[in-house]
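Enquirer: Chain by chain, the residues:
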Amino acid sequence: MIIQHLKQTINIFRDNPYAGLIAILGTALSIAMLMSFFIGKRCHTMNIAPESDRNRTLYVKWVGVKYKENDNLLVNGALSLKTIQACFRSLKSPEAIVVTSPLQPRLVSVAKSKTRKKAYVLFTDDVFWKMFHFKLLCGAPYTKEEFDAGIKKVVLGEKLAKELFGSPAGAIGKNVQLSYVNYSVCAVVEDVSSMADYSFAQAWVPYSSANLDAATDPAGVTGKYRCQIFARSSGDFSAIRKELNQRVTAFNAALGDYYIDFYKQPDRRLIETWRFGPGYPGVISHLFSSYVLFAILLIIPAINLSGFTMSRMKKRVAELGIRRCFGSTRLGLIMQVLLENMIYSIVGGILGLFLSYGILHLIRDRLISTNYWGLDVGVTLPVEVFFNISTFVAVFLFCLLLNLLSASIPAWRVTSVPIVNSLKNV
Amino acid sequence: MIKHLFTVIWNERKSNGWIWAELFLASICLWFIIDYFYVLGNIIRQPLGYDISHTYRIDMSELSSNSDGYIIPSEKRTTTGEDLLLIMERIRHYPGIEAVSLSKSAQPYSATGYSGSMNYQQLYYKDTVGITAQEYLVTPSFFEVFRNSADLQTNLLLSKALRPGAIILSADAKDELMGVETSCGGQLKIGRNAEPGTLAAVCSPVRWSEYFKSNYCFYHLLSEADIAKHINADDFSNYELCVRVNVVQDVRFAENFMADMSEGLKVGNLYLMEVRPSSIIRKAVVAPEESDIMTRSILSVFILFNIFLGVSGTFMFRTQYRWSEMGLRIAMGASKLKLCSFLISEGLILLTLAMAPAIVVDLNIGVAELVDVKWEPFTVYRFIIGAACTYIVMSFIIMIGVWYPARRVMRIEPVEALHED
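Chains as they are written, first to last, in the working numbering: chain H, 1 to 426; chain S, 1 to 421.
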């Protein structure tokens, strides 16, 4: 039956290849637009190696210090270790807490070598290496004991290790200077895409080795760190929030004149990508504008494509009439028309998907994470952004929707011609 | 002929209503897009007030207290500013360097709304109300590095004119503040109660980037004495150390400079962090605007193609629907060419009918300043250009949209078409 439909569709295509081609191109363009926006939005929230557990991670990057007396703001900033210790490290419900200090540029050099290079360094704890799934090429990252001792060890990215020492294996145990501070290389890992904005760097060091912290407010609440809470599953989020509230209440009681405000954090990944400053992002308007955009990108081409479908169908009125004479139901005929049209949509959809990769390449600067504000980090899109199940499911669903929107009215109209009239044309 | 066409269009008003509505909406969208690209084209072609080719930013950084070779403040004999002057002197001797400049909030693409490091001052001339202008604090060599004018002699004159107390004003600011006739030599005050300075020269207006109109601005001297005295460890990161490299020697400059100079530029607690071509700094600033332009271009291709789809699809359907009418026309002696031009003129008349009210809507959108007015005011000239281009593009789309169905119609054998009646 399906092969029969396929043959028929090909024959109809041959009869008017121009119209068929235009219809396919129209579908392709629409799908390309839809998919480039879809992938562009999704690459911020999907699991990207090594951040393979984004769906069960909560993020905290801002804290505000306010006066108890009149609610006035003293200062906003990133978190201090004291705050993290009191509010997050003591939590019982999550699986793990990862603390990092955002990227900073450092001059990387090796003794007796002329090579000098700026590299972005991320300051992490030891749990970082357990919760993020880096591909280890050789060596082993720093352990809890080494971290606690503040030992100066560095994990290098593959590219940087090759530039400095020729090969990843040759780097292990060697000394490098980060802005003229000595570190010894303990491991080399595969490079990370900059879309993984909580783990991306060219070199990683224990934050305990870098004396970063300097209290900037009288309460000692703000500092230079941010924190990620790994829940056992996303179902635990509300339990974690509840427990966190208890910790915050206890912490505030001990703060004297001040209290802290996490501005509705911890955030799920989706909210985190929209949160640039401390204020709560306008979630509803973000969602609304992207839904409206998707609707426009679907409906406009659907209306325009239905003209083409209609002109294809018009020719087949006689054929459909005969089918009905021989007992086809109306529903069966509509299904036949939709199915035939779906073949066009799928061909257009596949074309469109590849076209969307091209569009994404052109607009990739738009996809830079706000967490890189002020740094010249380029956008590298990993392969898994383009090829993953949800992308393919989305393409199929968009094709189906476009097909229903553009072909159901023509199908309805063609099958509603009275049999006698439609047979007249035979 | 035209009257006949109108009659045909009127008789087919039910199906024409749809296509009229589509053309109406589409032409408004298209006008909006064309207008945007028209002003964009205009703004890009204006001079920038600098030339960043073959220029580099030298990023210096400061050692932290646990670095090798860190000098603790109590043992340090020189100021950060003096260290910086020594560094500039050493850079000057590096092969291929044409000029070295130090500036504050003045480097092209750096002192913009995106980076936030801008200084504004109130300028007064005689008893005028004064104007707000952006202040660029620069060493005289700045004009040789970034070349305010394409003429090298002018740049040399500018750098000579920048003496203590001198002010170099951009031409647009001068016209606004002092009138078109006044020339150099007038006394200006930076701030109501400040010591007056002399207008030493007038330079070309300076723009933040290709996507901004020029801002009123003036240059003020950053003298060596100021550098030595005032620059300290806390604020030296606000200063921009830039160089211009000889065209011939600008090959792998950044890499070579990093390798050759890293040791030599370790002065005091300062060290060389990175050498960046100005083009990289430019990219960071124009990236939001350019990816916006890219998105708009892609969306306009999408809209254009959809207009084409709509027009072409509708006409294809209509010609099929009117198969017998066409056959009748041929049978009655219409030539095939005439039939084709009949269909195309029908489309164009429909377009004209749709564009007439659309233009009124466009005008209202323009007058309400819903179009881009940050680059260019909405003028009659701009409006006419936009509307004319829209009409041309739309008729072009209609012609290709109608062409294929028309070609099919031309192939009809009259007998076959009439058989349907």
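Simulated from the structure, these hints should not be mistaken for lab results.
We put the CB at the ideal spot given by N, CA and C, even for glycine.
One or more of the hints may lead you astray.
[What the hints assert, rightly or not] Covered stretches of chain H, going by a simulated chain S footprint (3 or more residues, C-beta under 8 Å):
#, stretch
1, 17–30
2, 101–109
3, 113–124
4, 277–289
5, 305–317
6, 357–363
Enquirer: If a hint holds in the structure, say so; if it doesn't, say that too.
Expert: Hints versus structure:
no.: 1; hint: 17–30; in the structure: holds (count 7)
no.: 2; hint: 101–109; in the structure: holds (count 3)
no.: 3; hint: 113–124; in the structure: holds (count 5)
no.: 4; hint: 277–289; in the structure: violated (count 0)
no.: 5; hint: 305–317; in the structure: holds (count 8)
no.: 6; hint: 357–363; in the structure: holds (count 3)
Checked against the numbered hints given earlier, the structure breaks only hint 4 and satisfies all the rest.
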